[in-house]
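K.L.:
Residues per chain are reported as follows:
2 protein chains.
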Amino acid sequence: MGNMVKPFLQGRRLLETFLVLCLLVYVMDLPSAAKAAGKVNKHVWDVRYNYVSPDCYKKLAITINGLVPGPTIHAVEGETVVVQVTNSLVTENVAIHWHGIRQIGTPWSDGTESVTQCAIQPGDTFVYQFVVDKAGTYMYHAHYGMQLGDGIYGMIRVKAAHKEPFSYSSEHEILLSDWYHKNAYEHAIDLSSEPFVWVGEPNSVLIQGRAFACNEPGTEAGQCKEPNRKCSPFSLNVRPGRTIRLRIGSLTALSTLSFEIEDHEMTVVEADGNYVEPFKVKHLYLYSGETYSVLIKTSPKKDRSRNYWMVAKVVSRESSTPSGLAILNYNFNPPLALPPTDPPAGPHWNDTSDRIDQSVAVKAHHAYLNPPPKKSDRTIILLNTQNKIEGKVRWSLNNVSLNLPHTPYLIALKENLSYNTEAHPSTGGLYRLKFNSIVDVILQNANTMTPNVSETHPWHLHGHDFWVLGYGRGKFNMATDTASYNLTNPIMKNSVPLHPYGWTALRFRADNPGVWAFHCHIEFHFFLGMAVVFEEGIDQVGELPDSIMGCGETKPFVKP
Amino acid sequence: MGNMVKPFLQGRRLLETFLVLCLLVYVMDLPSAAKAAGKVNKHVWDVRYNYVSPDCYKKLAITINGLVPGPTIHAVEGETVVVQVTNSLVTENVAIHWHGIRQIGTPWSDGTESVTQCAIQPGDTFVYQFVVDKAGTYMYHAHYGMQLGDGIYGMIRVKAAHKEPFSYSSEHEILLSDWYHKNAYEHAIDLSSEPFVWVGEPNSVLIQGRAFACNEPGTEAGQCKEPNRKCSPFSLNVRPGRTIRLRIGSLTALSTLSFEIEDHEMTVVEADGNYVEPFKVKHLYLYSGETYSVLIKTSPKKDRSRNYWMVAKVVSRESSTPSGLAILNYNFNPPLALPPTDPPAGPHWNDTSDRIDQSVAVKAHHAYLNPPPKKSDRTIILLNTQNKIEGKVRWSLNNVSLNLPHTPYLIALKENLSYNTEAHPSTGGLYRLKFNSIVDVILQNANTMTPNVSETHPWHLHGHDFWVLGYGRGKFNMATDTASYNLTNPIMKNSVPLHPYGWTALRFRADNPGVWAFHCHIEFHFFLGMAVVFEEGIDQVGELPDSIMGCGETKPFVKP
Chain A
1 MGNMVKPFLQ
11 GRRLLETFLV
21 LCLLVYVMDL
31 PSAAKAAGKV
41 NKHVWDVRYN
51 YVSPDCYKKL
61 AITINGLVPG
71 PTIHAVEGET
81 VVVQVTNSLV
91 TENVAIHWHG
101 IRQIGTPWSD
111 GTESVTQCAI
121 QPGDTFVYQF
131 VVDKAGTYMY
141 HAHYGMQLGD
151 GIYGMIRVKA
161 AHKEPFSYSS
171 EHEILLSDWY
181 HKNAYEHAID
191 LSSEPFVWVG
201 EPNSVLIQGR
211 AFACNEPGTE
221 AGQCKEPNRK
231 CSPFSLNVRP
241 GRTIRLRIGS
251 LTALSTLSFE
261 IEDHEMTVVE
271 ADGNYVEPFK
281 VKHLYLYSGE
291 TYSVLIKTSP
301 KKDRSRNYWM
311 VAKVVSRESS
321 TPSGLAILNY
331 NFNPPLALPP
341 TDPPAGPHWN
351 DTSDRIDQSV
361 AVKAHHAYLN
371 PPPKKSDRTI
381 ILLNTQNKIE
391 GKVRWSLNNV
401 SLNLPHTPYL
411 IALKENLSYN
421 TEAHPSTGGL
431 YRLKFNSIVD
441 VILQNANTMT
451 PNVSETHPWH
461 LHGHDFWVLG
471 YGRGKFNMAT
481 DTASYNLTNP
491 IMKNSVPLHP
501 YGWTALRFRA
511 DNPGVWAFHC
521 HIEFHFFLGM
531 AVVFEEGIDQ
541 VGELPDSIMG
551 CGETKPFVKP
Chain B
1 MGNMVKPFLQ
11 GRRLLETFLV
21 LCLLVYVMDL
31 PSAAKAAGKV
41 NKHVWDVRYN
51 YVSPDCYKKL
61 AITINGLVPG
71 PTIHAVEGET
81 VVVQVTNSLV
91 TENVAIHWHG
101 IRQIGTPWSD
111 GTESVTQCAI
121 QPGDTFVYQF
131 VVDKAGTYMY
141 HAHYGMQLGD
151 GIYGMIRVKA
161 AHKEPFSYSS
171 EHEILLSDWY
181 HKNAYEHAID
191 LSSEPFVWVG
201 EPNSVLIQGR
211 AFACNEPGTE
221 AGQCKEPNRK
231 CSPFSLNVRP
241 GRTIRLRIGS
251 LTALSTLSFE
261 IEDHEMTVVE
271 ADGNYVEPFK
281 VKHLYLYSGE
291 TYSVLIKTSP
301 KKDRSRNYWM
311 VAKVVSRESS
321 TPSGLAILNY
331 NFNPPLALPP
341 TDPPAGPHWN
351 DTSDRIDQSV
361 AVKAHHAYLN
371 PPPKKSDRTI
381 ILLNTQNKIE
391 GKVRWSLNNV
401 SLNLPHTPYL
411 IALKENLSYN
421 TEAHPSTGGL
431 YRLKFNSIVD
441 VILQNANTMT
451 PNVSETHPWH
461 LHGHDFWVLG
471 YGRGKFNMAT
481 DTASYNLTNP
491 IMKNSVPLHP
501 YGWTALRFRA
511 DNPGVWAFHC
521 HIEFHFFLGM
531 AVVFEEGIDQ
541 VGELPDSIMG
551 CGETKPFVKP
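One line per chain: the protein sequences are A and B, in this order.
Just so we're aligned: 282 in full-length UniProt numbering is position 282 of the first sequence, and the numbers increase by one with no gaps anywhere.
Just so we're aligned: 276 in full-length UniProt numbering is position 276 of the second sequence, and the numbers increase by one with no gaps anywhere.
Hints were generated in silico from the structure; no laboratory data involved.
Among the hints, a few may not be true.
You can't tell identical chains apart in this list, so a pair holds if it fits in one copy or across any two.
[Stated by the list, open to error] Derived pair list, reagent style DSSO-like, types lysine-lysine, alpha-carbon separation capped at 30 Å:
1. 392 to 230
2. 375 to 39
3. 159 to 58
4. 42 to 392
5. 58 to 559
Next comes chain A alone, as it looks inside the complex (with noise of 0.2 Å):
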């Protein structure tokens, strides 16, 4: 190392050098059984600000290496992936989540800014070190502010080591969101405002990043002659008479979506990384946060002559967001050209039912069931409310709404920073479980504070899976409701919606040392306060990198 030290201290280059030499020392230290999966499965991003156009509106967004969605990372279950983040942006600081992904072992990659870690300054390089133990379709996303929203995602692919329950010919991914013309700092002043002003529906539905947008302008899908080529909609190109694998993803800021392939069933067969018993849908509802496998089968070749609409609706709100469209490409047609026919129309956007019915019929493989405990130790009610406080509109739980910390949660309850209980009374948003005990959380819905609506909250775990006992409408007895759990092949999700009026009951083994959010996906109302957070063996956490410090009361804890 002596002879390191000179040149290490020259230059920027020879220091990255020296910090990929750290890491690959770091890696060859981890437990035998990632080692033993073998593969280090490396990336290297630049976050920084770029013009897109999906929807032809010309937008500045924050990007990986560019790009919008960012680059898709294709992985091997027991792999290391080690993704190497440096913050280009100018003045702002940033954090990547890894959503799905549980993080055994490593709860400072979280990515969670104010729960798991300090945001990365700019001219920062922080490098994110997870195991991706499980395969499945996981997604990662910015966890800061409301970045998500400017367009910092993407998706992880993470193929299976061994034998699935089916076989596909190929595979595809499709991430779908939701994009505003207004960005996060737009957002964060109306959303702040007294009187209150809401950000209101997306300016377009976006198909793995694209929108449709016709070159005559105002001229309906179905009646279109020619997509507008500046912002050409997404297409994907498939074989005829193959069955095919879609890895379809949302990661909206704010809507349901119902998402179709005109003539083209799909069966289900994977959710949040865990393998369905398989089931057909014509639509597929996706409560932001939430991925799934579908089987499409495409049409022998006769029937090959034409391309097909994909659709992705906004439900469960009245939106005036037009829906995305995209294009299914019979292989030899050309990619662009507009199916003859108009895009399907969806399912109607209150239909509650048909959503509760979807999210009831996912459930898990019969061939890999993993049965919850019978009893759980803990039963946390949350009930999902809408209120004034101060004066301003928040979303809280309980009727307390979380003000994130400036000191990381994962930080202050390991280094027992008292000074953290200051955002968190008593009462407050976070909860100490007991480690290994098995929690029940059940989500309870509410009206808003206009009257007679309810309104759909994708919730969202971190660190976990959790086992979906039910879903129910209007007040969750304790007496009568638990008796209708399904306690013997519940999936297991780390996202799930909370219906209009209704309750979702969920559990989960409190195994995970670490700190972990539970929160709203929906964008808005995690910034307007609608998250929890779980403590867990905080006494088992390891020993906390100093990368993740630096913010807040944690300053004093980076060590030279």
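Place chain B on chain A using the hints.
P.N.:
Just chain B now, kept in the frame of chain A:
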């Protein structure tokens, strides 16, 4: 103190109270001079986004307490100014520079990100504290990225405790700026693009944060019946028959301005906080970073039947930007009653001679002479060029374009972080000056990359006033041009223009321990590397406060 600990740990409000108490203890420990001067001049600022519409276009600005310009600091010479800045930007950092304040003994309060401090993170509160040791007109503004252009600036008025060499019956401030509808992020993208995208001319010129728009769009000011009251212009109320002091400053992002008041001659009496041998002008040229005090005589009572135009016109560039207009409002006229005349057309944009004449005319007041040393110990010639570096358009001094390091120079040099040499090869932008030595700087202009174009550069030095020894045309000749230096009554300033194809010679004593930026005050040129850094007496700098640490290699320097 023992009793303090527990409540301090319980609430932010208590934490703040504690900080203020600490501050007072610190202030009470200041050198006796400041203590004698007495008062602590305290300000509590919240930096946050806000929509503003100074020219009827709604833009998201970075504001102080919601305002653009920010609140004026009114102080008396000798006072200690304390500004407690809380960063309420959601994901963005900030730093504020006190332009013209020499920060004697407090180099860490200069507010220059990457030179004297790490930027203030969201949620953090930073306390700037410095003595305003000299009466005069000063300013403040963001010194991080290109945030200045998004509205974070204001004035500092330091009243004399002594008798001044002129008298007046009232005083008023007029802060000039230019205004882009695009924001700093968009500018950063443009300026970093390949091929290069220039930001273009500003959309408006603002006088005291306001532009003029006629209520009937498209109508010339002279024909306009009524201003648009949604973005009504600045109106300055004066009484007839008085002598009035106007403190005028320019914090444009790009533009050189000519300021003029219809039918009112101005007598220049102060420049950058130094008394000027009075001279009269019809129009006053201001380069970004400059301040002047002028005296005007208002008409006697019989002539007070109308208002008059105030005009700020872009010069030194052939600009598409309409001149900024405001109203000199004679008492008892309606404030927004428009003058019955066309606004003065102002000087021709490329009358360089007229501008040089004014530069030369600014001399020290005969009763306040502080002549420079006859000789210097060192001469630094800085050739100002635009050039391409690694495919990107940059601005350079002696072909070195400064990449601001992520570890502030002050900390790196004080703490002997040899790493810091990384960003500054030996030929680079850091100049280490012998303490107390006399330094001459010759700014030498040249062609830009566009043939036959040479731009005006407003140069600003932190931590010092310098003597302005002279201006010349063409290539500086060390043998002959030094003979033309004004060593008798040169004005002292902190900001000075370098005229097209010309040179400007400065002299200063390197007697202020610290590290000081010297740069072109055009935001875009500074962003593109047009800066150097002077270090002097680093060994005499006192212990650096923890509060400036926390970025780059300084993270481990925050003490528990």
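K.L.:
Take the hints in turn and mark each one as holding or not.
P.N.:
Hint check:
1. 392 to 230: between (41 Å within a copy, 27 Å between copies)
2. 375 to 39: neither (39 Å within a copy, 67 Å between copies)
3. 159 to 58: neither (35 Å within a copy, 49 Å between copies)
4. 42 to 392: between (44 Å within a copy, 29 Å between copies)
5. 58 to 559: neither (44 Å within a copy, 46 Å between copies)
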